[in-house]
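Work out the full structure: start from the sequences and follow the hints.
Chains as they are written, first to last, in my numbering: chain V, 10 to 357; chain S, 3 to 352.
To be clear, the hints were calculated from the coordinates, so they are not data collected in a lab.
It is possible that some hints are incorrect.
Below, computed lysine to aspartate or glutamate pairings styled on EDC-like, alpha-carbon distance capped at 20 Å [stated by the list, open to error]:
(1) V:Lys76 <-> V:Asp104
(2) S:Lys82 <-> V:Asp66
(3) V:Lys259 <-> V:Asp149
(4) V:Lys91 <-> V:Asp74
(5) S:Lys53 <-> V:Asp217
(6) V:Lys119 <-> V:Glu346
(7) V:Lys330 <-> S:Glu54
(8) S:Lys82 <-> V:Asp104
(9) S:Lys75 <-> V:Glu299
(10) V:Lys37 <-> V:Asp66
(11) S:Lys82 <-> V:Glu333
(12) S:Lys81 <-> V:Glu147
(13) V:Lys229 <-> S:Glu59
(14) V:Lys260 <-> V:Glu278
(15) V:Lys229 <-> S:Glu72
(16) S:Lys37 <-> S:Glu72
(17) S:Lys51 <-> V:Glu346
(18) S:Lys51 <-> V:Glu130
(19) V:Lys76 <-> V:Asp44
To spell it out: a stretch of chain V is covered by chain S in this simulated footprint if at least three of its residues, at any positions, have a beta carbon under 8 Å from a beta carbon of chain S; those stretches are [stated by the list, open to error]:
(20) 120 to 131
(21) 138 to 147
(22) 190 to 197
(23) 279 to 292
(24) 306 to 317
(25) 324 to 333
(26) 340 to 346
As the structure is a computational prediction, the values presented were derived from the model and not from experiment.
All C-beta atoms in this analysis are idealised placements derived from N, C-alpha and C, irrespective of residue type, glycine included.
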Amino acid sequence: MLLIKRFLLVIVTCAICFVANAQRETSKYEATYKDIVGMLEGQQSLDFKKAVFLVEDAYLGGVLDYKAYDYTLQYYKSLCEKLIQTRDLEYDGIDINRVSKFAAVYTVMKDTIPVIQSDGEMFYHMPFEYDFEDISGESDWRKMFVTKLLSTHKGNCHSLPYLYKIITEELGEEAHLAFAPNHIYIKQRCKSMGWYNTELTSGMFPVDSWLMASGYIHLKSIQNGVYMDALNDKQSIAVCLVDLAQGYQKKFGKDDGAFVLKACEKALEYYPNYINAMLLQVETKFHMWEMNVEDNNENKAKGLAEIQAIYNRIHELGYRKMPEEMYLDWLVSLKNEGEKYNNKKIRF
Amino acid sequence: MSYINYFMKYLRIKLLVLLLCLVATSFADDFPWKKYGLNPKVLTLSKGKYKEFHDMETVVQIGSVYFNTETRKIVGFVKKDTTSKVLSMDAHTVSRWFSPDPLSEEYSSWSPYNYVMNNPVIFIDPDGRSVDWYLNLAQGKIEYRPGSDSHFDEALVHLADDKATVGEVENSLKGKNYKYKKDASVSGGYRVDTEKQFKGWKMMQIFSPENVGTVLAMSINGTQTRNKLSSKITASSTSTVESTFSINPKKFDYFFGKVTTGSPHNVARSSQNLKDLTTLGIKNKGQLMGVFKNAINNGKVISTKTNNYGTTVTRSANIGNKGSVNVGFFYKGGNLKSVPSVTTIIPKIY
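In structure tokens:
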């Protein structure tokens, strides 16, 4: 009997701890939400670097150290500065100082650079590469994170352009995020050719037409600024807010939709045509509608009509799902590319 | 009896669904105006690699629902595929690997909305595929020649007629007051440092009479373009106008081991080609062109194969006593009187 009592006590204690822990973690999310909304509403300055950190820290339950994160970024900043000093860029526009910075960030992210330390020791700085494993972060959401990219040198089209933007902004220049379906890349401006695109997964400078064709981008979505538009500072922070919501959903599951919807609505206030916010919002609403079996028919019909209106708006804005065949082709190309880039795992 | 009725009904529904699916897929593959009986040549952004037509279907998938774009209503719910997580990436997840553009090297610094690299004075592009033009220095005028894109990539200039003799080339050079010197690496070839002599024109090689053609490249905007153009021209200059056969300049990449993407078979063949050609002492395009010329003029016919598209005649050319190269000449539509194109090579080492 005593044994059973003790056993029960342990169980109850565990359960209390678990609940308390979950509460602490959701309160961490609420605090992060407040911080980021503070940036959007003007109580705090817009700081993309910090917003990205906060989002990832919230998911990881507050284990990250901002100073260490900043220190790593400062290292890349100084590497860029050294690179600018030691090489001459072949570019004859009057904005060569800016473009040298862009080129340096790109080189640091995508090239192998020999670095000689003050003690004469030489090492190679290796490029940041695309992580071909678990591309959508299905089994591990940390795959999306800049902090993961910094520690493993492997990332995806979420973390790579984020890091590019952060380093460029550390150097005092601008880099704009831009969306394509399931994708982010960088848009920048220079005098010699105007707006140009920087692609960090495969490391290249694609022309707009290629982005349109390979991403199955509808003309309407470009006209509406859904895709291929350079984001401003506020929009980039709004994007972080939706990242926060996505992390929340990955961590606590789909059933608790209130936080996700709150974050999406706030993000859409500042970036009304943010397609991923709309998709996450409507999918969450739809899931909640599906789960809700208690409501009467009238309310259910009303709910569906509301959801239908959002899907309609998404379609109107020019969102088109890539045809299955094209997506499968892309997956195959991904596999081939992955084999080219990755070391094969050793099997025993 | 009722069982049979039920079965027939079930079968009919199945057939109907199958038929609908077939119609949907074949329709999706068609161009939008095919239903009006039109089948024009279509220029696309990815040259046919990707689907570029939207709104071909009434019912589309958005996230977890099927949406009818005409009635603007949700018409079905998507069944979640729990076995394959990769196949069901959330619509709002951002994590795509971006496929490189195989044409990114061409016109990479130009906006897709430019016409002839913003220089309509010296470039023309009648079919929208690439900048095709000639500046015929012999007559001092720019002209377009149909089909030139298969011989030249871009920005190339004619100095003399296709079959000009050595004397005619020299006369043409003298007529324009060019200083030139013979190029020892190519028989009957010349070099002209035209950049100094002719304002912005960049130096180019002038090849032997049968290869006369690609001569000058214009320097356009700054060094980068000029460098790019000059390297392009060197790359394609040997694949010039030839009366007896033609060759796609890109084939040289295949012959000289530069194919590193695409099917593993082609990559392997390409690197094997380079190895074998090096063993045979064939190091550059000029030498390989010589081999082709030898093959078509004196080569022994090894095989003749015909398929739906045309006839391939394989001829063998000896390379001293080191080995031989079998060259496949393709005659479009099987017309052996037409000008064939070189499609493949098989080097053999004795």
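message: Checking one constraint from the list: CA of V:Lys119 to CA of V:Glu346, max 20 Å. Satisfied?
response: holds (16 Å)
- request: Would you mind confirming whether the straight-line C-alpha gap from S:Lys82 to V:Glu333 stays at or under 20 Å?
  value: Holds: S:Lys82 and V:Glu333 sit about 15 Å apart, inside 20 Å.
field: Coverage claim, chain S over the region 324 to 333 of chain V, checked by counting residues with Cβ within 8 Å (three needed)
entry: holds (count 5)
- request: Please work out if V:Lys260 and V:Glu278 have their alpha carbons no farther apart than 20 Å.
  value: violated (25 Å)
- prompt: For the pair supplied as a hint, S:Lys53 and V:Asp217, is the alpha-carbon distance within the 20 Å limit?
  reply: Measuring from Cα to Cα gives roughly 16 Å; hence the hint holds.
Check of the region 306 to 317 of chain V against chain S for coverage (Cβ-Cβ below 8 Å, three residues minimum): With 3 residues close enough to chain S, the hint holds.
message: Checking one constraint from the list: CA of V:Lys91 to CA of V:Asp74, max 20 Å. Satisfied?
response: Given that 20 Å is the threshold and the Cα spacing comes to 26 Å, the pair is violated.
message: Can you confirm whether the C-alpha distance between S:Lys75 and V:Glu299 stays at or below 20 Å?
response: Holds - the C-alpha atoms of V:Glu299 and S:Lys75 are around 17 Å apart, at most 20 Å.
message: Checking one constraint from the list: CA of V:Lys259 to CA of V:Asp149, max 20 Å. Satisfied?
response: Distance ~9 Å between V:Lys259 and V:Asp149 Cα, so the pair holds.
task: Quickly compare the C-alpha distance for V:Lys76 and V:Asp44 to 20 Å and report which way the hint goes.
output: holds (18 Å)
- prompt: Are the Cα positions of S:Lys51 and V:Glu346 separated by 20 Å at most?
  reply: holds (17 Å)
query: According to a criterion of three or more residues whose C-beta lies within less than 8 Å of a C-beta of chain S, is the region 138 to 147 of chain V covered?
result: holds (count 6)
The structure is inconsistent with the numbered hints 1, 2, 4, 8, 14, 18 and 20, although it conforms to all the rest.
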